[in-house]
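**Q** Assemble the whole structure, with the sequences as input and the hints as a guide.
Number of protein chains: 2
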Amino acid sequence: MAEQIEALQKLAEQFARLPGIGRKSAMRLAFSILELSDEEAQGFANTILEAKEKVHLCPVCQSLTDKEICSVCGDLSRDRSTIMVLEDTKAVLSMEKVREYRGLYHVLHGVISPMNGVTPDKLRIKELLSRIADDEVGEIIIATNPTVEGEATAMYLSKLIKPFEIKITRLAYGIPVGSDLEYADEVTLYRAIEGRRDI
Amino acid sequence: MAEQIEALQKLAEQFARLPGIGRKSAMRLAFSILELSDEEAQGFANTILEAKEKVHLCPVCQSLTDKEICSVCGDLSRDRSTIMVLEDTKAVLSMEKVREYRGLYHVLHGVISPMNGVTPDKLRIKELLSRIADDEVGEIIIATNPTVEGEATAMYLSKLIKPFEIKITRLAYGIPVGSDLEYADEVTLYRAIEGRRDI
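Quick mapping for you: the protein sequence lines, in order, are chains A and B. Just so we're aligned, residue 1 is where the first sequence starts under my numbering, counting upward by one. Just so we're aligned, residue 1 is where the second sequence starts under my numbering, counting upward by one.
Since the hints were made in silico from the structure, they are not lab data. Be a bit skeptical, because a hint or two may be false.
A pair counts as met if it fits within one copy or between any two copies, since identical chains are not told apart.
With a Cα cut of at most 25 Å, we get these calculated PhoX-like pairs of lysine-lysine [said to hold, decoys possible]:
#1 97 x 10
#2 67 x 54
#3 97 x 67
#4 97 x 162
#5 167 x 126
#6 24 x 67
#7 54 x 162
#8 126 x 90
#9 162 x 10
#10 90 x 10
**A** Next up, the structure:
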């Protein structure tokens, strides 16, 4: 009978269910939990429960937040006439790091993907449309990822928003800054040529 | 003010303290916890606490176990005359996967490394010596890792055990199976030549 430490195995299985954690990493992480002090392990467990308990969707932009209304929607100094539509809260955090964008956000929580059972009604599109209808929105920046599903979702949204007669834009495509033409794929190169600008 | 989700940030910090988890992965893992159902998150937190509570050192071999005595030490069909000395419990689990070794283990919980403050008294060496003194041990296989510290620890142990006049062995070094000579480092190649065997 090979040595089996059931409690450790169960912990490794929990880690292995998280994205990007393989079986070996999961076991390594489980061992590292055992090396924590009792207080540290208790702290880890509490932080998980606390995050689950406190974090919810902002009722305005549908982004994750642990406040009543997220700090972007609650910031009165931001430009309330522009809404950037993103796939998830991770994208909001990335965008906020740039400190360039001063408008509001709207998080869809996914992209339309019938193959994976994600139909438009599963996304927070209804909430977006009611924001456009209610507020004085002047521009919608559709910033879904440049994937097939992201593109399809952008097209779908732009058709839905068209009747509101507001400006609808999409983030620019092109060669990533600091990259080399040699490594750019053909579609990106095509988009870069198509979107060329005067200098 | 950039968007900050404190509870999520704190969870990411907990993950980032685990070995091999960078800042970006930690954030990705924190987000994935939020995607769990309440029951799943509760289960994750409980598994952490349970592992910490249940897993302790086997009083015989010092390996981690959630039983009173680990399943190897408790298995009466195993060869009690051979003890393999390993650095940690991870190594025990790797060794058990081979299903070749039928003796017992002894876990040191580290290697001698004065630079990192690990002196011999910090390792489970005393416990090993008392096992050798008490039981009818015929052979000690020193299987610390083939690193500078692992080697030094092996030398130190062999000197300590010598007075007991039992067989002391070390795992074989050589080219890893399935590897290519081209990629083997010089020390490994030297050891492979030194340890060559008749065929």
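**Q** Each of the hints needs a verdict: does it hold here or not?
**A** Hints, one by one, checked against the model:
In the homo-oligomer, the alpha carbons of residue 97 and residue 10 lie at most 25 Å apart only across protomers (18 Å), although the nearest pairing inside one protomer, at 37 Å, exceeds that limit. In the homo-oligomer, the alpha carbons of residue 67 and residue 54 lie at most 25 Å apart inside one protomer (8 Å), although the nearest pairing across protomers, at 37 Å, exceeds that limit. With identical chains, the CA atoms of residue 97 and residue 67 are at most 25 Å apart within one copy only, with a shortest distance of 19 Å there and 49 Å across copies. In this assembly of identical chains, the alpha carbons of residue 97 and residue 162 never lie at most 25 Å apart, being 30 Å within a copy and 62 Å across copies at closest.
With identical chains, the CA atoms of residue 167 and residue 126 are at most 25 Å apart within one copy only, with a shortest distance of 19 Å there and 76 Å across copies. When the C-alpha separation of residue 24 and residue 67 is checked against a cutoff of 25 Å, the pair qualifies only between copies, where the shortest distance is 23 Å, while the shortest distance within a copy is 37 Å. Neither within a single protomer nor between protomers do residue 54 and residue 162 lie at most 25 Å apart by alpha-carbon distance, with minima of 36 Å and 60 Å respectively. When the C-alpha separation of residue 126 and residue 90 is checked against a cutoff of 25 Å, the pair qualifies only within one copy, where the shortest distance is 21 Å, while the shortest distance between copies is 51 Å.
Neither within a single protomer nor between protomers do residue 162 and residue 10 lie at most 25 Å apart by alpha-carbon distance, with minima of 52 Å and 41 Å respectively. When the C-alpha separation of residue 90 and residue 10 is checked against a cutoff of 25 Å, the pair qualifies only between copies, where the shortest distance is 15 Å, while the shortest distance within a copy is 29 Å.
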